[in-house]
Amino acid sequence: AQKVTQAQTEISVVEKEDVTLDCVYETRDTTYYLFWYKQPPSGELVFLIRRNSFDEQNEISGRYSWNFQKSTSSFNFTITASQVVDSAVYFCALSEWETGKLIFGQGTTLQVKP
Amino acid sequence: KAGVTQTPRYLIKTRGQQVTLSCSPISGHRSVSWYQQTPGQGLQFLFEYFSETQRNKGNFPGRFSGRQFSNSRSEMNVSTLELGDSALYLCASSFNPNQETQYFGPGTRLLVL
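Sequence order for the protein chains is A and B. Position 26, counted from 1, in the first sequence is what the working numbering calls 26; the numbers after and before it change by one each time, with no gaps. Position 95, counted from 1, in the second sequence is what the working numbering calls 1095; the numbers after and before it change by one each time, with no gaps.
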C-alpha cells in the first residue's frame, strides 16, 4: 500500500526554536519521489522540496533542512530558528511511480509564537 | 512567470446543483491534476489530464468529471452536489506527467448548503 504518515498533528514552538516535522512513508515502488509542501492560511500549497529515492543526501536550504533515510522510510523536515511566518500546515507527499499522483500525509500544523 | 490560477476562488451552491471550476496552468505546463481537500479526508487525488486526455482518476463517483482544452486549461465539474462535496479544490500543473513537481494554485473553496 502507498501511504504517508505524519504523526504530529500540531506543533507549537516559540520563535527561534528549532522544530522537526516527521514523515514516514510506505510504498511498493522501488523508485519514487518525496515532497514537502507548505500551506499557509491562504490555502495555496507551496512547493518546498522534491527528493528521489536513490539520492539519500541530506539537503539544506537556508533555515530548512531535510533528512531522508530510506532504511527507515522517513523524510523529516527541520526548520532552524523558526519564525512567525513559518506558521502553516506542512504536508509530506509521496509520488506514485506509475501514475505520478501525489499521496499526501494528513499534515502537521505548525504554530510559531512570538 | 505567472503561477497556477483558479477561478472562482469562492463558491456557494445548494444541494442538487452543479458547479464548474476552472484552472489555468503555468505557461508551458501541459499536465493538470485536481485534488480535493477536506478536514476529514485530507488531500485526495481526483484526476489528471495531459494532452486533453484523462490519464488517471481517483476514487470519486462519476458526478466528478473534468476536461482539458488544447491550451492546457482545465475544468472540473461536479453534478448533483451533495453537502459532503464542500471542500477546497486544488489544481496543480506540471510540465509533464509522472514524477514532475506539481505546482498548486490557490484553490476554489466550495460550500454546499
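Since the hints were made in silico from the structure, they are not lab data. Check each hint, because a few of them may be wrong.
Chain B stretches covered by chain A per the calculated footprint, using a threshold of three residues with CB under 8 angstroms from any CB of chain A [to be verified]:
#	region
1	1034–1043
2	1053–1060
3	1082–1088
4	1102–1109
All of these numbers come straight from a predicted model, not from anything done at the bench. Virtual Cβ for every residue (Gly too), placed ideally from N, Cα, C.
Hint by hint, here is what the structure shows:
1. 1034–1043: holds (count 3)
2. 1053–1060: holds (count 3)
3. 1082–1088: Coverage by chain A is violated here, the residue count being 1 at a Cβ distance below 8 angstroms.
4. 1102–1109: It holds: at least three residues are needed, and the region 1102–1109 of chain B offers 7 whose Cβ sits within less than 8 angstroms of chain A.
Hint 3 alone, counting from the list given before, is not met by this structure.
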